[in-house]
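Trainee: Model the placement of chain E on the given structure of chain L, informed by the hints.
Going down the list, the sequences are from chains L and E.
Just so it is clear: in the first sequence, position 22 is 91 by this note's numbering, and no numbers are missing.
Just so it is clear: in the second sequence, position 395 is 870 by this note's numbering, and no numbers are missing.
By construction, these hints were calculated from the structure, which means they are not laboratory data.
There's no promise every hint is true.
[What the hints assert, rightly or not] Pairwise CB distance ranges, derived in the manner of DEER restraints:
#1 R761(E) to S124(L): 30 to 40 angstroms
#2 L1264(E) to T151(L): 50 to 60 angstroms
#3 L1264(E) to G212(L): 52 to 62 angstroms
[Stated by the list, open to error] Chain E stretches covered by chain L per the calculated footprint, using a threshold of three residues with CB under 8 angstroms from any CB of chain L:
#4 940 to 949
#5 1207 to 1214
#6 1286 to 1300
[Stated by the list, open to error] Computed from the model, here is a short list of chain L residues facing chain E with C-beta under 7 angstroms:
#7 H133
#8 R166
#9 F171
#10 Q181
#11 P191
#12 L194
Yeah, the Cβ is synthetic: ideal placement off N, Cα and C, and Gly gets one too.
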Amino acid sequence: MQRQSSPVTGRESQAAVAAVGLVKVYGAGDTAVRALDGVTVGFERGRFTAIMGPSGSGKSTLMHCLAGLDTATSGQVLLGGTDLSTQPDRVLTKARRERIGFVFQSFNLLPQLTAAANITLPLDLAGRKPEPEFQDRLITTLGLSGRLGHLPAELSGGQQQRIALARALVSRPEVVFADEPTGNLDSRSGAEVLGLLRDSARNLGQTIVMVTHDPGAAAYADRVVMLADGRLAGEVHDPDIASVTDALQNLAAGR
Amino acid sequence: MNTILRTQLAGAGKRPARMLLTGLAVLVASFVVYATVLAQQITERSVLNGLSGTPEATDLVVRGGEVTTGDLTAIGRLPGVAETVARAENGIPLGAGYLVIATDPGSGPLSTVKVTEGRFPAATGEVAVTPRTVERMDLPVGSTIPVKPEGGKPGTLTVVGVVQPRDDVGFLAYGSLDTLDAATGHAFIDRLEVRLDPGADARAVRDGIAPLVAGESPAEFVTGSEARHEEARAAAAEVEQLFIVVRVFVAVAVAAAGLIAASTFRIVFAQRMRQLALLRAVGAGRGALARALAAEGALTGLLAGTTGVLGALALGHPLPPAVSLFGLELSGPGLPLIEAAGTVLLAVVITVLAVLAPAFSAARVAPLEALRSAATSGAKQGIGWFRAVVGLLFAVAAAGMAGLVWRNLPAPDEQDYPAETMMLSVVGSGFLAFIALIALGPVLVRPILAIAGRPLRMLGPVGRLAVGGVGGSTRRAAAVSVVVALGVTLITGVLVGGDSIRVLANREAVASAPADFQVEGAPGSALPAGLADRAARSPEVTRVVAYRRVPEVKVGDMEGGTATDLSTAALPRLSELDVRSGSVAGLAPGRAVAAGYLELRTGDQVTVSAKGKQVRVTIAAVLGGSTPLRTEILLDPADLTALGAPVAPTGVLADAATAGEDGRTSALRALQGVTGAGSDVRVEVLADQRDQVDSALAVLMTIALALISLTVLIAIVGVGATTALSVVERARESGLLRAVGMSRGGLRGMLTTESALYGLIGAVLGVALGVPYAWLAVSAIGLNAPLTLPVWQLVAVFVLLVALTALAGVMPARKAARVSPVTALGTD
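Looking at chain L on its own, in the form it has when it is part of the complex (with noise of 0.2 angstroms):
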């Protein structure tokens, strides 16, 4: 089940997002930390893929560099073919607007806006309009038609997380990245949202890129890409929770 991961060459083209040689390093002298030590890895267009790895083996640090939050130290972050690896904060901001959705696992919707304004944020913010008909779509998709005048202290944690993957789908991004979507919910909650990132890829054609330290959620991918201390330490195609788990105590006992 398990295979070695092949080389980017000739999946790249099909990526939507890829590192190539990633290095990330914390610190200087004795206390640095290489948080990502030459991480090369292609995410392919319109799939659901999950990162995995132990705390502390830069599972954070490669999503952060992959979406234009961080800066690696050496190495590429080629997006779409654009590498944003060596582009000013400019750049990456337009980058994060345009063609980058984010869900967080504290879901960090803005108090003070209603549902349907934090929906529309990052439209708003670069100036977009939203296309109607795909914007109902995926408010009916997700559940949310009755709580689109709401603030998010009047909704569940569920109901917010959805938001947010409205949020982040809204803008057709090229890639969407999840950071433990899951973390705060419920499992009944979390099992909805996982659902629904899958039935976005499925359905929308919505790259997704998720990180996650829970095989059940990871299961829901497509593929899971395994990391550990800052290294590519395998992956999983088409994966359930047993070969997830299997490839996670493969890890540990690797080490």
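Mentor: Chain E only, in chain L's frame:
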């Protein structure tokens, strides 16, 4: 308790910037308080030097009694007396004006003048004049002054020098006692100033002088410092009153600082809510928590107060040497220790008062809060019913008090009107209104934001988010805006009140001084023939208007009035006359303009009579005060002629052709030249009187605005601190906005706009309160002053305030924009 306090202080120690921000308003307030103490010290000490006419070296002052020149010599010989100066002054007619001659030793410690040109007079018949006198009266060094003393033979005085006195009135010469005697025939000595030898016995000298100067009335002895104090007190009575006003404004500033401090504490404690909840979860009691937070507040107050006092000292001490570089002499402030301790104590008390409510509400946190993840900043919206009821009660009380004042507003020229009580009621009502504003603020923020925010919302997402951010926590917005509103209310009040008083003063000046110069002879007598024409031909003057003024006129029942036919059309300044009814343009044969106090109405028929002749006129207009040139009725020239007035003018009004002191001086000389010496025709400089009123008003306005700027400064500090803290509080929010694609500039813009919005809300509230209250106060003061609205000044204040509050947000906004989104998202 100790553990809790230690935890909190350790936290504060780790983030000293936060502690500084909470204490900043108090720091500024204590700086202001102590700076005021020092300023009063400097002023009082300088006033003794500056405002007192008695030289510092004077040991003994003798007033009254009878002093002759022989007595002076005898006093000079008394043991222990180093120097004696006799002070006397008297005026002589010169040209078209008067010249005052005063005595002065000219040199030595008892002299009050400095020679700037030539020399000080040494012989009888020599004088030195002041620089302005040289200009005004055309008396350069070397010129002569003809004198004709009462009962003496005519002679001349020679100008031998120019001296600078303390106050240059423009018609002042200095000479010896003998010169004064020779010029005026009177050399009545007002007072003696005696300087003693070092170590001399003042009592013995006094006892020596007493019999020498004894006359009909006994001489009065005071020491030099007593005399100086007395003079300074008299001159500085204004200064004293000024400092009473200063203290009131400082008290307002301190109260504002208290409000700001309370709001910042609330924000800081809200940030620590999870930590406080954790302490509660592990067993800290509510009381202990509240006490620890209050103790932290006290410590903040202590630090802020001490820093403020040290800051004021650091500024106050180099000030006198610094201004001495510009030729100004100020005394040092010294080190008033008791006041320093008092200021620090005040800072602690204010801070503790400010911290109490936030501390108790923070201590009420449920332990469960600690366990809640993803703490959404639970900024409370709106106000509870208790607060609403209290606010409404105060609003009703304020409105009631204002209504009471409104109903008892004085009738024009009402006698025995209790202006002071009414003004106090206005101030009291304003105070109540402010408490209501503090209580109801959060409710008022939203509607203002909805209107003021509309154009911002149109500007795009950054504006919309800023409006949303401010509206998202109306309590925080209200807490800051109320303090801005306090400053704006005070500024608006001063501007509106000052403008009304200025217009009032202007109207009075127009009636009494419609032109720069007035040329007139004895009352009712005609000017020398051709004078008006000659004046009109002088290039130095313009708008020369001849008029007739007829005394002893009976208007209706009123006897002893004065009538004039001054042409209102020829003098542009007369358009500012305080016309109560009718129109001055309606002046025509058979129609007249009446002074307000004649109690005539427009359309009334009245008989004007003089020396047996009479005319019947209809009143075309009624003025607020007297008619121009302090007359009672303004008639058409034909009517005045019908009253028997000769055709020749009795006076001429004229303006200087060019503005400024030089233009005025040359115009005065030209008019003096036209009138010529010897006649009893006098040239009066009306413009000088007008300038004095104007400059006095300008000084008062400047001082008032300077004082209010203290409150505004604290308000702006508050806005800055609030923005800074709200930036810290909402770091995650900033991070999210950056993550979903807001640029650094956008985030900066949003946060700066938010802080400008605090200013905007405050300015709207301030103007809304300030203008009505200023109008009420102007009406209640009983001066018949008009209600005016200095629109452009208010607009300028509005824009400036919003700009300043925006500026206060720039630093925190820049700081927030620099943080990377990952770091911001990771902040707890």
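Trainee: Decide, hint by hint, whether the structure agrees.
Mentor: Hint check results:
For R761(E) paired with S124(L), a C-beta distance near 37 angstroms keeps the hint of 30 to 40 angstroms intact. In this structure, L1264(E) and T151(L) meet the distance hint of 50 to 60 angstroms, their C-beta atoms being roughly 59 angstroms apart. At roughly 57 angstroms, the beta carbons of L1264(E) and G212(L) sit within the given window of 52 to 62 angstroms. Residues of the segment 940 to 949 of chain E lying with their CB closer than 8 angstroms to a CB of chain L number 6, which satisfies the three-residue condition for coverage.
Here the segment 1207 to 1214 of chain E counts 7 residues with a CB under 8 angstroms from a CB of chain L, which clears the bar of 3, and the coverage holds. A count of 4 residues in the segment 1286 to 1300 of chain E with a Cβ less than 8 angstroms from any Cβ of chain L is obtained; the coverage claim is therefore met, three being the minimum. Nearest Cβ of chain E to the Cβ of H133(L): about 5 angstroms, under the 7 angstroms cut. The hint holds. Of the supplied interface hints, the one on R166(L) holds, with its beta-carbon coming within about 2 angstroms of a beta-carbon of chain E, less than 7 angstroms.
At a threshold of 7 angstroms, the smallest CB-CB gap from F171(L) to chain E is about 5 angstroms, leaving the interface hint in force. The criterion of a C-beta within 7 angstroms of any C-beta in chain E is met by Q181(L), whose closest approach is roughly 3 angstroms, and the hint holds. Because the beta carbon of P191(L) sits about 5 angstroms from the nearest beta carbon in chain E, less than 7 angstroms, this interface hint is met. Of the supplied interface hints, the one on L194(L) holds, with its beta-carbon coming within about 5 angstroms of a beta-carbon of chain E, less than 7 angstroms.
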